[in-house]
Amino acid sequence: MTVTVLCTGESRSQSSAQKVAFAVGYVQLPHRYMKKHRTQSDIHCNQGTNSRTTLLSIPRELRDEIITLILTSRRPSLQTAAEFETQNRMPLGSDTSGFSDDSGLYLEERSAYTSNAGGLLLASKQLRSETQDALERLDLAHELEVKLVNERFLAPTWSLIPTQTRHFKRVRAVVQSIGAWQKPASPSKFKMRDPWASGCGGPLAYVWQFYSTLRHFLTYGVDVPRPTAIPDLISVDNLELDFIDPEDTDLLPPEGNQNIRLARCRPSGPGFPREPQLLRPEWLAWDLAGEMGTMFRMSSGRAPYAHMLHGRIGHMVFKVNGTIIAEIDVGQVLADVKFSGSFGSGSSDDLAEKWTNWKEEAQELRKKRGLKTVEFGDGWQAEARKWAAQHYARYPYS
Numbered sequence: 002m003t004v005t006v007l008c009t010g011e012s013r014s015q016s017s018a019q020k021v022a023f024a025v026g027y028v029q030l031p032h033r034y035m036k037k038h039r040t041q042s043d044i045h046c047n048q049g050t051n052s053r054t055t056l057l058s059i060p061r062e063l064r065d066e067i068i069t070l071i072l073t074s075r076r077p078s079l080q081t082a083a084e085f086e087t088q089n090r091m092p093l094g095s096d097t098s099g100f101s102d103d104s105g106l107y108l109e110e111r112s113a114y115t116s117n118a119g120g121l122l123l124a125s126k127q128l129r130s131e132t133q134d135a136l137e138r139l140d141l142a143h144e145l146e147v148k149l150v151n152e153r154f155l156a157p158t159w160s161l162i163p164t165q166t167r168h169f170k171r172v173r174a175v176v177q178s179i180g181a182w183q184k185p186a187s188p189s190k191f192k193m194r195d196p197w198a199s200g201c202g203g204p205l206a207y208v209w210q211f212y213s214t215l216r217h218f219l220t221y222g223v224d225v226p227r228p229t230a231i232p233d234l235i236s237v238d239n240l241e242l243d244f245i246d247p248e249d250t251d252l253l254p255p256e257g258n259q260n261i262r263l264a265r266c267r268p269s270g271p272g273f274p275r276e277p278q279l280l281r282p283e284w285l286a287w288d289l290a291g292e293m294g295t296m297f298r299m300s301s302g303r304a305p306y307a308h309m310l311h312g313r314i315g316h317m318v319f320k321v322n323g324t325i326i327a328e329i330d331v332g333q334v335l336a337d338v339k340f341s342g343s344f345g346s347g348s349s350d351d352l353a354e355k356w357t358n359w360k361e362e363a364q365e366l367r368k369k370r371g372l373k374t375v376e377f378g379d380g381w382q383a384e385a386r387k388w389a390a391q392h393y394a395r396y397p398y399s
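Okay, so the sequence shown: first residue is 2 according to the working numbering, each after it adds one.
Don't take every hint at face value.
What the hints assert, rightly or not - Derived EDC-like pairs (lysine to aspartate or glutamate); straight-line CA-CA distance at most 20 Å: (1) K355 - D379; (2) K387 - D337; (3) K369 - D233.
Claimed, not checked - Listed next, with one range per pair, are the computed distances between beta-carbon atoms: (4) G291 - A142: 44 to 54 Å; (5) E365 - L253: 42 to 52 Å; (6) A181 - R395: 45 to 55 Å; (7) R395 - D246: 44 to 54 Å; (8) A142 - A336: 24 to 34 Å; (9) A181 - R61: 45 to 55 Å; (10) E365 - K190: 14 to 24 Å; (11) R61 - E361: 46 to 56 Å.
Hints are computed from structural coordinates only; laboratory data are not their basis. Note that the Cβ used here is the ideal one computed from N, Cα and C, for glycine as well.
Take these sequences, add in the hints, and give me the full structure.
Quick look at the structure:
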């Protein structure tokens, strides 16, 4: 018999009860427990409703199974480009990232950002304790499905949110293409900049889509983008990006020496139509890994965007179909990074001081958040001041 389990004990909001009731609505309660643990409150609840039992009245081993089912429940991921067009999604605004034209498109409903443990943690002291024990035992990663829709739009969806937190142990983002890229592009209700556009010597626009998604997460955690969102200090021990094959592998080009720029940046338009096709996931993974490496090294004018990353990420891993292809040890990168002048405007002394202050603050933040730290070498501050003095003496207007 299918039952719905409600938590009893301390008072809690209706939404918490609904959360738990929904999450365990398909749990099969063995018949032998039904009579033995039937109480007056159960009888009262059963009047005019389906059979129900209180979660605290059933054996602990069964309750642990139910809690595990709740904590590991997943939100269905986006499957088709047609489904994407039916969803209510919005880009990040200037209030959250400043890259509204180069943003992922986020689900608008608040329920898409609700943690699995939320209702259990609010239900009672006993369930809170048991849920915390289960979270520790299961050691679940937070999982994000990132769909490249027609390789034009970035659609992130949180598929597994065990609990809300400010310090994440592991975040796993699975990146996959759905639909096909072609020129002219297929019609869409969403209007965003071409992700394969480039200019001013910077990276392709898709890099900023990924960057804005990462920055939003490190600023707000798992939360719906909204003007009233309150910035926070979010950190993550291990951030993993796994680029996997699309379902329709027939549209993948053959393996070879081609890359993103060859595949996407050739002339296109009315006079240059392009047949439907998809990028190989390894091309995207290698290109983004290289761009993020440049970002973390604070080179090529990336300092204004990258400076907030070093104190919040422990380790970054890039995979293709589950196989590691590149890693960034952010603690080691922070220790090794050298001042290169791209740290805003001002005199050489001012910029060198800003940079050394930033590096010290990022290191201190890593220590506070329990992230791996690597001691800086001797004389690194003097080296930065010397480099700045020599560079700006030679290029006073740089």
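Structure-based check of each hint:
Distance restraint check for K355 and D379: the Cα-Cα separation of roughly 19 Å lies within the 20 Å cut-off, and the hinted pair is therefore satisfied. Among the hinted pairs, K387 with D337 is consistent with the structure: their alpha-carbon atoms are about 17 Å apart, no more than 20 Å. A C-alpha spacing of about 14 Å is found between K369 and D233, which places the hinted pair at or below 20 Å, so the restraint holds. For G291 paired with A142, a C-beta distance near 25 Å fails the hint of 44 to 54 Å.
Between E365 and L253 the beta carbon distance is about 46 Å. The supplied range of 42 to 52 Å therefore holds. At about 50 Å, the beta-carbon gap between A181 and R395 stays in the expected band of 45 to 55 Å. Checking the proposed 44 to 54 Å range against R395 and D246 shows it holds: the Cβ atoms sit about 50 Å from each other. Range check, A142 to A336: about 27 Å between beta-carbon atoms, so the 24 to 34 Å window is met.
Checked against the hint of 45 to 55 Å, the pair A181 and R61 passes, with Cβ atoms roughly 51 Å apart. Between E365 and K190 the beta carbon distance is about 46 Å. The supplied range of 14 to 24 Å is therefore violated. The supplied range of 46 to 56 Å is met by R61 and E361, whose beta-carbon atoms lie about 49 Å from each other.
Of the numbered hints stated above, those contradicted by the structure are hints 4, 10, listed in ascending order.
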